[in-house]
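K.L.:
Listed below are the residues making up each chain.
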Amino acid sequence: MTRLDAAIAGIGATEFSKDSGRSELRLAAEAVLAALDDAGLSPAEVDGLVTFTQDANQEIAVAREVGIGDLSFFSRVDYGGGAACATVAHAAMAVTTGAARAVVCYRAFNERSGRRFGRPDAGLAGQQSSQGMEMSWHVPYGLVTPAAWVAMFARRYLHAYGATSEDLGRVAVAMRRHAATNPAAWFHGRPITLADHQASRWIAEPLRLLDCCQESDGAVALVVTTAGRARDLRRTPAVVTAAAQGSGAGQMMMTSYYRDDMTGLPEMSVVGRQLWETSGLTPADIQTAILYDHFTPFVLTQLEELGFCGRGEAAAYVRDGGIELGGRLPVNPHGGQLGEAYIHGMNGIAEAVRQLRGTAANQVDGVRNVLVTAGTGVPTSGLILSGVSD
Amino acid sequence: MLTRDQVEVGAALPELSLDLTPTVVVSTALATMDFTPVHHDVQVARGQGAKDIFLNILTTMGLVERYVTDWAGPEAVIRRIDVKLGVPAYAGDRLSFRGGVTALADGEVTVGVTGRVSLGDHATGTVTLLLPEVRP
Amino acid sequence: MTGEELLDLAAKQAALGELAGAPADDPVNVPMIRHWLAAMGDRNPVYLDRGLAPPAMAQVWTMTAPAPGDRSPVSVMMGALDEAGYTGVVATNCEQTYHRYVRVGELLTPATRFTGLAGPKRTALGEGFFATWVVTWYAGEGEPVAEMLFRVLKFRPPEKRAEPYPLRPSVNRDTAFFWDGVRRGELRVQSCADCGELRHPPGPMCPRCHSANRAHVVARGEGVVYSYVVHHHPPVPGRETPFVVAVVELPEGVRIVGNVVDCPPESVAVGMPVRVAYRPMDDELVLPVWTPGEP
Numbered sequence: 001m002t003r004l005d006a007a008i009a010g011i012g013a014t015e016f017s018k019d020s021g022r023s024e025l026r027l028a029a030e031a032v033l034a035a036l037d038d039a040g041l042s043p044a045e046v047d048g049l050v051t052f053t054q055d056a057n058q059e060i061a062v063a064r065e066v067g068i069g070d071l072s073f074f075s076r077v078d079y080g081g082g083a084a085c086a087t088v089a090h091a092a093m094a095v096t097t098g099a100a101r102a103v104v105c106y107r108a109f110n111e112r113s114g115r116r117f118g119r120p121d122a123g124l125a126g127q128q129s130s131q132g133m134e135m136s137w138h139v140p141y142g143l144v145t146p147a148a149w150v151a152m153f154a155r156r157y158l159h160a161y162g163a164t165s166e167d168l169g170r171v172a173v174a175m176r177r178h179a180a181t182n183p184a185a186w187f188h189g190r191p192i193t194l195a196d197h198q199a200s201r202w203i204a205e206p207l208r209l210l211d212c213c214q215e216s217d218g219a220v221a222l223v224v225t226t227a228g229r230a231r232d233l234r235r236t237p238a239v240v241t242a243a244a245q246g247s248g249a250g251q252m253m254m255t256s257y258y259r260d261d262m263t264g265l266p267e268m269s270v271v272g273r274q275l276w277e278t279s280g281l282t283p284a285d286i287q288t289a290i291l292y293d294h295f296t297p298f299v300l301t302q303l304e305e306l307g308f309c310g311r312g313e314a315a316a317y318v319r320d321g322g323i324e325l326g327g328r329l330p331v332n333p334h335g336g337q338l339g340e341a342y343i344h345g346m347n348g349i350a351e352a353v354r355q356l357r358g359t360a361a362n363q364v365d366g367v368r369n370v371l372v373t374a375g376t377g378v379p380t381s382g383l384i385l386s387g388v389s390d
Numbered sequence: 001m002l003t004r005d006q007v008e009v010g011a012a013l014p015e016l017s018l019d020l021t022p023t024v025v026v027s028t029a030l031a032t033m034d035f036t037p038v039h040h041d042v043q044v045a046r047g048q049g050a051k052d053i054f055l056n057i058l059t060t061m062g063l064v065e066r067y068v069t070d071w072a073g074p075e076a077v078i079r080r081i082d083v084k085l086g087v088p089a090y091a092g093d094r095l096s097f098r099g100g101v102t103a104l105a106d107g108e109v110t111v112g113v114t115g116r117v118s119l120g121d122h123a124t125g126t127v128t129l130l131l132p133e134v135r136p
Numbered sequence: 001m002t003g004e005e006l007l008d009l010a011a012k013q014a015a016l017g018e019l020a021g022a023p024a025d026d027p028v029n030v031p032m033i034r035h036w037l038a039a040m041g042d043r044n045p046v047y048l049d050r051g052l053a054p055p056a057m058a059q060v061w062t063m064t065a066p067a068p069g070d071r072s073p074v075s076v077m078m079g080a081l082d083e084a085g086y087t088g089v090v091a092t093n094c095e096q097t098y099h100r101y102v103r104v105g106e107l108l109t110p111a112t113r114f115t116g117l118a119g120p121k122r123t124a125l126g127e128g129f130f131a132t133w134v135v136t137w138y139a140g141e142g143e144p145v146a147e148m149l150f151r152v153l154k155f156r157p158p159e160k161r162a163e164p165y166p167l168r169p170s171v172n173r174d175t176a177f178f179w180d181g182v183r184r185g186e187l188r189v190q191s192c193a194d195c196g197e198l199r200h201p202p203g204p205m206c207p208r209c210h211s212a213n214r215a216h217v218v219a220r221g222e223g224v225v226y227s228y229v230v231h232h233h234p235p236v237p238g239r240e241t242p243f244v245v246a247v248v249e250l251p252e253g254v255r256i257v258g259n260v261v262d263c264p265p266e267s268v269a270v271g272m273p274v275r276v277a278y279r280p281m282d283d284e285l286v287l288p289v290w291t292p293g294e295p
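Residue numbers (my numbering), protein chains in the order written: chain A, 1 to 390; chain B, 1 to 136; chain C, 1 to 295.
Among these hints, one or two may not hold up.
Stated by the list, open to error - Beta-carbon label-pair distances, calculated as ranges:
(1) B:Leu130 to C:Leu48: 18 to 28 Å
(2) B:Ala12 to C:Arg43: 19 to 29 Å
(3) B:Gln48 to C:Ala38: 22 to 32 Å
(4) B:Ala12 to C:Arg71: 44 to 54 Å
(5) A:Gly162 to B:Gln48: 51 to 61 Å
As the list claims (entries may be wrong) - Footprint (simulated), chain C over chain A, 3 or more residues, beta carbon under 8 Å:
(6) 128 to 138
(7) 147 to 161
Source of the hints: derived by calculation from the structure; they are not laboratory data.
Even glycine gets a Cβ: it sits at the ideal position worked out from N, Cα and C.
Full structure from sequences and hints, please.
P.N.:
Printed below as a string of structure tokens:
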């Protein structure tokens, strides 16, 4: 991929809650204004908007609310949380090519007080679309929740590598430990022990309640512009060193059970390969990573797919404290979606920016490059964000 | 007691109305040697979709006969009873018979009979009988 | 049995003519008459005064339950109608003719003739057949004293429709063959009609040779659990928790998702052999499921 000329110049968010008490559009507008204020840009200077296909707030509606005028670029990315980093990728391509000068990426929802993704949707298989047909091989059997879809992969992974529920639990314990010292996190001040994890009820064996991320109300917005312009704005820019989307052979939406192997995430491998090739970096160059953690098992898989450890070695990596603050690769210093909030991965991108600015609640020392991933088990995306070299 | 010369076509029979107490339903079923549970066991009857125990057919025939002989008297000879069966006659309901003479021919008297319950016609039909020419 | 076969059977039963039944257990007697009159509230004195039975009692004298294995024409016909789904029964006509009043002391013997079956007919109760038979009661040396024509409607009760199963698959022209197969008790795997490649889930075009000519093979119905989950929470519409969903690997070389049933969830394991079975989920949908198989 051609080098991008893009940076994240501003981040904004609402509070993260279980009941925002406001409409999703209002959440979106608040987050967009906060991000623009952070960047020091006015709404009138925005000419691009990107969001998720799943977002209920159309770009034009958000533009009307915050007083954005002419838009020369708008796009949406599909596949649930897999869209998160791709919104930045699309925005970065737009500013690099000149399609837009300043693009805001946003995601806003009342995912806890409104429609909850964790709840079964019996109509999933009812659509006469390719996705409806795909779901029709799974939903009729009651395989209808994200936790159960992921649990099917997790069982095979545990079986193949001799990992255990405790190995999954250690991921949750680390995320909650990080969240405990992040005032913005829902689980601020509420760490858990491995015993707590093991005592939590089954959701879809082998996943327990504490293997599943929370459900949140809230919104996050990110302002993307060219790296050069970002340097002139209010905040230290987070340069988009690499951005990639990825889908693998035999890809399905959460149910890619028909590939030769079920222990990996080939789509994340597609993302990782591009990120490393474009950036010229290696895993050793990453000081902290934001790995999408809607469910614990795929954190292990991502460590392997991105090359932070070998196949089947992630459980040992985590057991040794590798993903904790002070470990080999601190993962999700903000507490991730298990600990901070589930804003479909967008809050993790904001955390990566804070780590590069040196303003994070749980600041990792000497952060120069942060790797960020988006939703797992679906077509996904990733970023490497870097600090500005002096 | 009626004689042939006392009846004419169109003559009405006095109405007979019976309270279908559970006792009536059960005792008539047993007196007709019909031990089918739906005629004496409420739970079984309800289990089969009925709202209660109900009259058996042999009793319906017996009551139609009684209705006509109550009117015609002991010298009447019943030759034929044709009944078309309708809605069930449940315990707790009331069965009311009405009737009238519909034909006089070849020495036979034909009486039309209808037995109604709250749900509609339980039995409709005709009873054919002989009446004495004169008082014995 | 089809409607025509039922009518054929009825014709055969009718051709058997009148068949004598067992004589009454007791002769016509005063206690039963007295009991009957009391129950009916019939105060007509003529019966007890003259030793006569009320004529409508004709059937009462021979009301014995049919012996087990009774193969009378009426029983045969009723059994066949039951089996054909006409399980409901309601009497529609009872016509009794009395040649004379019977006297105390006489022993009655019934004889039955199946006279006909009519239908199928649409009725308020459902589709059904009207079955008619005639019973004649004989006294002494074969003297007919009473006759009864009896007609019943044997009907197919309106089906109680099962609650529709909420987790319905979409079916289209690419996938209908699979669901058609399931309804016939076949587990069908799509095969390319040109290159033979097997594929599940199916699709409109062979990913290997791009042929749109599709066929299918019928899988042996055996498999091995490749992975599985035990779903506990949240509640799933149409399902009782916990339940098991597995990815099953078939010897034919494809995988398929389905429920593992008929065993405790804790007995399921990766590598467990399973066999396909078919479960109706409501009046329309059948799902293939997997039961523990022989290793």
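K.L.:
Would you mind marking each hint as holding or not holding in the structure?
P.N.:
Going down the list of hints, with the structure as the test:
1. About 21 Å separates the C-beta atoms of Leu130 of chain B and Leu48 of chain C, a value consistent with the hinted range of 18 to 28 Å.
2. Distance hint check: the CB atoms of Ala12 of chain B and Arg43 of chain C are about 21 Å apart, consistent with the given range 19 to 29 Å.
3. Checked against the given bound of 22 to 32 Å, the beta carbons of Gln48 of chain B and Ala38 of chain C, roughly 28 Å apart, stay inside it.
4. Taking 44 to 54 Å as the suggested C-beta distance range, the pair Ala12 of chain B and Arg71 of chain C conforms, at roughly 48 Å.
5. Checked against the hint of 51 to 61 Å, the C-beta distance between Gly162 of chain A and Gln48 of chain B comes to roughly 60 Å, which is consistent with it.
6. Proximity of the stretch 128 to 138 of chain A to chain C, defined as three or more residues with a beta carbon under 8 Å from a beta carbon of that chain, is established by the 8 residues found.
7. Counting residues of the stretch 147 to 161 of chain A whose CB lies closer than 8 Å to any CB of chain C gives 7, so the stated coverage by that chain holds, three being the minimum.
In summary, the structure agrees with every hint in the numbered list given earlier.
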